[in-house]
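Student: Sequence:
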Amino acid sequence: MSAVFDEINSGKPVTSGLRKVTDDMKTKNRADRTGVVNAGEKGAQVSSPSVSKTGPPKFELQMGRKWVVENQVGEKNLVIDDCDTKQSVYVYGCKGSVLQIKGKVNNITIDKCTKMGVVFAGVVAACEVVNCNGVEVQCQGSAPTISIDNTNGCQLYLNKDSLDGSITTAKSSEINVLVPGDGPDDDWGEHALPQQYAHEYKDGRFVTTPVSHSGA
Numbered sequence: 030m031s032a033v034f035d036e037i038n039s040g041k042p043v044t045s046g047l048r049k050v051t052d053d054m055k056t057k058n059r060a061d062r063t064g065v066v067n068a069g070e071k072g073a074q075v076s077s078p079s080v081s082k083t084g085p086p087k088f089e090l091q092m093g094r095k096w097v098v099e100n101q102v103g104e105k106n107l108v109i110d111d112c113d114t115k116q117s118v119y120v121y122g123c124k125g126s127v128l129q130i131k132g133k134v135n136n137i138t139i140d141k142c143t144k145m146g147v148v149f150a151g152v153v154a155a156c157e158v159v160n161c162n163g164v165e166v167q168c169q170g171s172a173p174t175i176s177i178d179n180t181n182g183c184q185l186y187l188n189k190d191s192l193d194g195s196i197t198t199a200k201s202s203e204i205n206v207l208v209p210g211d212g213p214d215d216d217w218g219e220h221a222l223p224q225q226y227a228h229e230y231k232d233g234r235f236v237t238t239p240v241s242h243s244g245a
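Residue numbers for the sequence shown follow this note's numbering, so the first one is 30 and each next one is one higher.
These are computed hints drawn from the structure, not numbers from a lab.
Watch out, some of these pointers could steer you wrong.
As the list claims (entries may be wrong) - Lysine to aspartate or glutamate pairs mimicking DMTMM-like chemistry, simulated, CA-CA at most 25 Å apart:
id, residue 1, residue 2
1, K95, D178
2, K231, D178
3, K95, D110
4, K133, E157
5, K200, E229
As the list claims (entries may be wrong) - Distance windows between CB atoms, simulated:
id, residue 1, residue 2, range
6, Y230, K95, 24 to 32 Å
7, K231, S195, 22 to 30 Å
8, D216, S241, 30 to 38 Å
9, V97, E229, 40 to 48 Å
Remember, predicted model here, so these are calculated numbers, not experimental data.
Every residue gets a Cβ at the ideal spot worked out from N, C-alpha and C, and that includes glycine.
All chains, please: the whole structure from these sequences, using the hints.
Tutor: This is the structure in structure tokens:
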């Protein structure tokens, strides 16, 4: 996954090896309408490395409004490029996979994923990361709100267009935000968001400040 993000940050094309969503993957065009993406030749799926123990993998557009990406394991080349701002994306239970959302959508939710990478063009409302472990998320456009809740380990890459948005965190640790430098050849700046706070009672109320461990 880190290699994919390295290509993105260096300006190299990342989409050349990504698997696109074809018409037969959309709910309205599926023959079986099960939502299961075949990873190879047809056969018993219990032996496939892409099958999650929690359920079969899904990669489909439901009712024309919601993209569902579930239980993808070890799939590095997932891509959604036929999307619009009226649609949402829900990513659930994925592990060791990378998804790129090439069009701007309304909102994105990444839920209960481990070692998952998500690259998106932008959102109208928000990108939410909940109940995750060791994920990487990159916004290539605008994102008014990015929220991270109950997550242990998140690398968040921002574009200059998304620096004006807000980031909210709750019950989370090891959250690092990377921002682009001033020039195209400048290194990215990395900022660790505080996870510890000091609370002092002053003038009839508590004043909360983040605790720094810079070693200064």
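Student: Sort out which numbered hints this structure fails and list those numbers smallest first.
Tutor: Failing hints, ascending: 2, 6 and 8.
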